[in-house]
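One letter stands for each residue in the lines below.
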Amino acid sequence: MSRLRGYDTLLLMAAARLAIIGGVRTPFSKAGTNLAGLSAVELGRIVTAELLERTGLDPARISQVIFGNVLAAPDAVNPSRVIAVGAGIPATVPAVTVQRNCASGFESLTSAYEKLVAGQGDIFVVGGVESMSHWPAGAALTDLLCGLRMGETAELLYREFPISRSDQDAFALASHQKAIAAREKLQEEIVPVYLRDGRVVQDDNTVRADTSLAALAALPPVFARHNGSVTAGNAAPVTDGAVALLAMSAERATEWGLEPLGWLRGYAVVGLEPRRMGLGPALAIPAALENAGVRWKELQLLEINEAFAVQVLAVLQMLREEFHLPVNRDLLNVNGGALALGHPVGASGARLVLTLLKEMQRRHLRLGLAALCVGGGQGMAVVLECEP
Amino acid sequence: MSVVQYGVDDQRIAWITINDPASSITRFGAELLNELELVLEELAAQPLTGLIVASGKPDSFLGDMDPALLAGLRGASFATALARGGQRVFQRLASFPAPTVAAIHGACIGAGCELALACQYRVATEDPATRLALPATSAGLIPCWGGSQRLPRLIGLRRALDFIVSGREIGAVTAWELGLVDKICLPRELTSIAPTLCRPGRRRLPLGCQLENWPPMRQFICRQTRRSVGRLRVSPRRTIDTIERGLAQGLPSALETEAQTFAELIINPEWRHLDHIATLREKLAAPEAVRFVRRTALRKVGVVGAGALGAAIAQWCAARGLLVRLYDVSTEAVAAGMKRIAEADRKTNQAGWPAVRPTVDWSGFGNCEVVIAAMTSDAATRRRVWTDLGRVTSRECVLASAVEEADLEDWATVTDRAAQCVGLYWARPVSQAAVVEVVRGARTGSAAAALAVALVKQIGKLPVLTAGPVTARLVACYAAAATELLREQVAPGQIDTAMVEFGMRAGPVGLVRESGVGPAVKPLRTKFPMAWIQKRVLEALIAEGQRCRREQLVLSDDDLDALSVWGLGFPAWRGGLATYAQETLGGVWRPNL
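For the record, the sequence lines run as chains H and Z. Each residue of the first sequence is one higher than the last, beginning at 1 in my numbering. Each residue of the second sequence is one higher than the last, beginning at 1001 in my numbering.
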C-alpha cells in the first residue's frame, strides 16, 4: 500500500496547485420527471453558461473543457465539446469527455490537475453531466465483469457485513432529513432551469419530507425479492443533473483577483473485485490521504457518495476495522447524500466537490475529503483544502 | 478602356469578359450595351464552336441596369426604346449561331440575370457569393430585357412567376433545382467546366412544366398568383398579365408586350417610391463613418425586463449571434419571458433560446457592452433598477432605455453616467418592424450613440436617429384616429379593411384593443365609404407627422418616411408618410415652420 513519493513529483506538486474558483449545478431531478425533456449536453450547456456568467471569465482564456459523462447520447459522443460550443466558448478551445463511471465527475477535476502539471493549460471548465432519462432501459447499470446489476453488488455487501435492513433504512432516512434541513444551503449551488413551456425547475425533487422509518420498511426489496435488503428507499434514485466547476492555477486566480472556493490537495483511485465495487471508497480514502500528505485526524468533513445505504455502511465498517479509521458520523454527508438528492452518475463526483467545498467555507474548515464507489470495481477519493 | 473584352481560344471558343473597372459591380449602362452588341456582331461572323460570357470581377457576375439609365428616362416612349434596345442585344446573344454559356460566379442580379437567361446554358459556382435574382417586379417595374419572357419558357410558368414576383435572391443550388442553371461547379473549376457545355441542343422542359403552358392551366396558375399578390400594387399584377399574354404569343411579340408594360410601369409612381425607400434602407444600413468604426462586433448585451418587449428584444438579439443576459426580478417573470422566447423561436424558426441566459440577480452584467432596459413597470421601480444598473455595469457599458415613457434625463441622472445613456426605441412587433430609433439625450456622448447605432446594424435593424419616440407617437395617433371613428359608430371591420386596402401592414383596431381604451359604442350598420375612412386616418397621421417634424423629434422627411414604413407599417410603394403627404397635399405639408 505504502509508496514513497518521488522527489520530482513533490517538486511538481509544490509548483502546481489547482484552485476551484466556483461552481453551479442544475437541480437534481428523478429520471423521467422535471428535466426529462433536456439532453445531458443541454443540462451541461446551462450550467456552463451560468458558470461563465457568475465568474465573469472571458471564455477565450479557457484552456480546455473537461466534463465527465457515463453514457453519452449517440448524437453527442463527445458531450464536452457540444457543451462548450453551445455555451458560447470559442470553437478554438478544445474539449474532452472523461469516463470513469460514477467517478467521472472526480476524474474531470483530477485530469484538469494532471493537464496543469503537464503544462497543458491553466484554466479549465470541469464538471459532470448525466441525463439518465435518456438511458436505454437497464443500460450501464449492469456490470459486464461480474454479471451483476449494481443493486446486486450491494446485496452481496449485505450478506458479507452484519448490516441490517433497518440500519440501512435509518441511514436513508437521515440522508433525507439532512437534505431537508440543508435546503437553503443547497439552493446556493443551484441554477434554476427554465423550460421552453414556461416552467422553471428550481429544487431537487428526490428529497422526501414525508418519508419515515415505517414507510421505508414497507418497501419491497428490488434486487433479491425474497431475502434482499436493497429497496427503492435505501438506494440512490436514477437522476438527471449537471454540475460545472471552474478550476485554474494559483497564478491565474491571483492574476484575476478571483477568490478560490478551495484547492485540490490530493487524490487517489484504486481497483478491487468488481463484485465488491461498493467498498471502493474504503480503499481509496487511505490512498488519497497518503497522496495528499494528510493525516486522518486532520480531516474535518467527509462526503462518501451514497449509492446504496448498505454500501456506505459497509465502507464505514471496513475503514474502522481494517484501516483503524473510525468515521465520526456527524461529519459525514452533513447536507444529505445521493439517497436523498439523487445520483446522476456522471455528475455526482462534481457535486460532492461543490457541496463539500461550500460547506467547508461556511464552517471555516481547512481539510475535507470526498469519495465514491465506482461500478466495475474501483474507488476514488479526493482531498480538498480551503484556505483558513 | 473598353468594358467588354473578348478573345477566341484554340478550340475556337470565344470568351467574352465583361468588366467595368470604374465600379465595384458591373452594371448595364448604354456603353456596355453598345460594346456588347458590336462584339456579338463581330463574333457572329466567325466560325466558332462556342461562346462563353463571363465576368472580369473576382466576386460578382453582372448587376442590374445602371440607375442613371432609369433616372434619365423622360416618359413612356423613352422607356420603350430602352427596353427594346436591351432586348435587341440580348436577342442577338440568344440567336447566336454557336452554343452560348453564361459562366456565373458572384451576384447575377436583374439585367445580369436576364443576360444569363439569353444564353443557351448557364453554369454557376457553388459559392455563397453566387446569387441570382430578378428584383425588377418587387421594385415596381418588370424585367424588361427578355427576362420575364425567357424564364417561364426555361423553367416553367409556376416557378418563373414565383421567382419574378417575389424578387428573391437564390443561391446556385436552388437555381439548379429550379432548372435556372444547368450545372454547378466549384469556383476554381468554372473556366474548365464552361467550355464542356458548348454543344448544340437544348434542355427540354420537364413534362409537368410543359403542362403549365396548356392554356387552361396557364390561366389557373396566373389567377392563383394574382390572388396571392393582392390588388394593391401595380407591378406584380402587370408582370403576371405580361407573362400570361407573352406565353400565348411568339417570343418577338412577347418581348414587345414586355417593353410596353415596362413603359407603362415607368410612368407609374410606384417604382420611384420603392426606389426611394430602397435608397433609404441602403443609407441606414450602410457601415458607420470611419471615425466610429468598431474593430470587433459586439458580443454580449444585457436585457432588463422579461416582459413582452424585453423578451422580444432578447430573442431578436440572441437569434443574431449575440449573447444575452436576461434579467427580471422574479423567477416567474423570467420563466414567462423564456416561454415567450421559445414561442418566438418556434414561430420564426430561429434559435435565439440557447444564447439567452436568464437570471434574477445582477451577475453577468459586468461584461455587457450594452444593456437595454425594457421594464414596463412604474417609474419608482424603474429608478431603482436604473440605480442598480449604474452599480453593476462597467463604465464603458452603454445604458439604453427601450421604454418610451421613461424620461431620458432622469435616467441619465439616476445612473450617474449621463454620457453613456441613450434611448433605443423598438418599433413593434420587434420581430417584424425593421426600424429602431436611437435617441440622444442632451448629455449623451457621441461614442455611446455610435455604439448603439452599431448594435442596431449588427442585429439587422435600421437605426434612425431621433430626438424622441416618433414611431410610438405615430402608432398612438393611428390608434387614436381609429378610436375616433369607432366613437362615430364606424364598424371596426370597416376601419381595418379600409386601412389594409390602403396598404398599411395592419389595421388600427387591433392596436386600440391592445391599449384597452376602445369606446363601447355599438357600430351602425351603415357602410361608410372606404375613401372617407382612409382620409380621416391619413389626415390625422399626416398632422402628427408634421408635428413630429416641427418639434424636431425627427430630423428629415426621409427619416419620417423610414419610420412610417418600417415602424408604423405605412406602404413602401407609397413612398412613406412624408412623401405621401407632399404628393397629396402639396403646399399644405410644411414640416419646417
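It should be emphasised that the hints constitute simulated quantities derived from the structure, not laboratory data. Watch out, some of these pointers could steer you wrong.
[What the hints assert, rightly or not] In silico EDC-like cross-links for lysine to aspartate or glutamate, where the CA-CA straight-line distance does not exceed 20 Å:
{"hint": "1", "chain 1": "Z", "residue 1": "K1300", "chain 2": "H", "residue 2": "D210"}
{"hint": "2", "chain 1": "Z", "residue 1": "K1339", "chain 2": "H", "residue 2": "D330"}
{"hint": "3", "chain 1": "H", "residue 1": "K185", "chain 2": "H", "residue 2": "D197"}
{"hint": "4", "chain 1": "H", "residue 1": "K185", "chain 2": "H", "residue 2": "D75"}
{"hint": "5", "chain 1": "Z", "residue 1": "K1535", "chain 2": "Z", "residue 2": "D1496"}
{"hint": "6", "chain 1": "Z", "residue 1": "K1522", "chain 2": "Z", "residue 2": "D1557"}
{"hint": "7", "chain 1": "Z", "residue 1": "K1283", "chain 2": "Z", "residue 2": "D1557"}
{"hint": "8", "chain 1": "H", "residue 1": "K178", "chain 2": "H", "residue 2": "D203"}
{"hint": "9", "chain 1": "Z", "residue 1": "K1339", "chain 2": "H", "residue 2": "D197"}
{"hint": "10", "chain 1": "H", "residue 1": "K30", "chain 2": "H", "residue 2": "E255"}
{"hint": "11", "chain 1": "H", "residue 1": "K178", "chain 2": "H", "residue 2": "E359"}
{"hint": "12", "chain 1": "H", "residue 1": "K185", "chain 2": "Z", "residue 2": "D1059"}
{"hint": "13", "chain 1": "Z", "residue 1": "K1183", "chain 2": "Z", "residue 2": "D1059"}
{"hint": "14", "chain 1": "Z", "residue 1": "K1347", "chain 2": "H", "residue 2": "D197"}
{"hint": "15", "chain 1": "H", "residue 1": "K30", "chain 2": "H", "residue 2": "E259"}
Right, here's what the structure says about each hint:
1. For the hint pairing Z/K1300 with H/D210, the CA-to-CA distance comes to about 45 Å; that exceeds 20 Å, so the pair is violated.
2. With a CA separation close to 44 Å, the supplied pair Z/K1339 and H/D330 exceeds the 20 Å bound.
3. As the CA atoms of H/K185 and H/D197 are separated by approximately 28 Å, the hinted pair breaks the 20 Å bound.
4. Using a Cα cut-off of 20 Å, the hinted pair H/K185 and H/D75 is violated, with the two alpha carbons roughly 36 Å apart.
5. A hinted pair counts as satisfied when its Cα atoms are at most 20 Å apart, and Z/K1535 with Z/D1496 qualifies at roughly 13 Å.
6. Of the supplied pair hints, the one linking Z/K1522 and Z/D1557 is violated, its CA atoms being roughly 39 Å apart against a limit of 20 Å.
7. With a C-alpha separation of about 14 Å, the suggested pair Z/K1283 and Z/D1557 falls inside the 20 Å cut-off, and the hint holds.
8. Of the supplied pair hints, the one linking H/K178 and H/D203 holds, its CA atoms being roughly 15 Å apart against a limit of 20 Å.
9. At most 20 Å may separate the alpha-carbon atoms for a hinted pair to count; Z/K1339 and H/D197 meet this at roughly 5 Å.
10. Only pairs whose Cα atoms come within 20 Å are accepted, and H/K30 paired with H/E255 is rejected, the gap being roughly 41 Å.
11. Proposed proximity of H/K178 and H/E359 is supported: the alpha carbons are some 13 Å apart, at most 20 Å.
12. Annotation: proposed proximity of H/K185 to Z/D1059 is violated, straight-line Cα distance about 61 Å (limit 20 Å).
13. Proposed proximity of Z/K1183 and Z/D1059 is supported: the alpha carbons are some 19 Å apart, at most 20 Å.
14. The suggested pairing of Z/K1347 with H/D197 holds, with an alpha-carbon distance near 14 Å, which does not exceed 20 Å.
15. Under the criterion of a C-alpha separation no larger than 20 Å, the hint pairing H/K30 with H/E259 is inconsistent with the structure, at around 34 Å.
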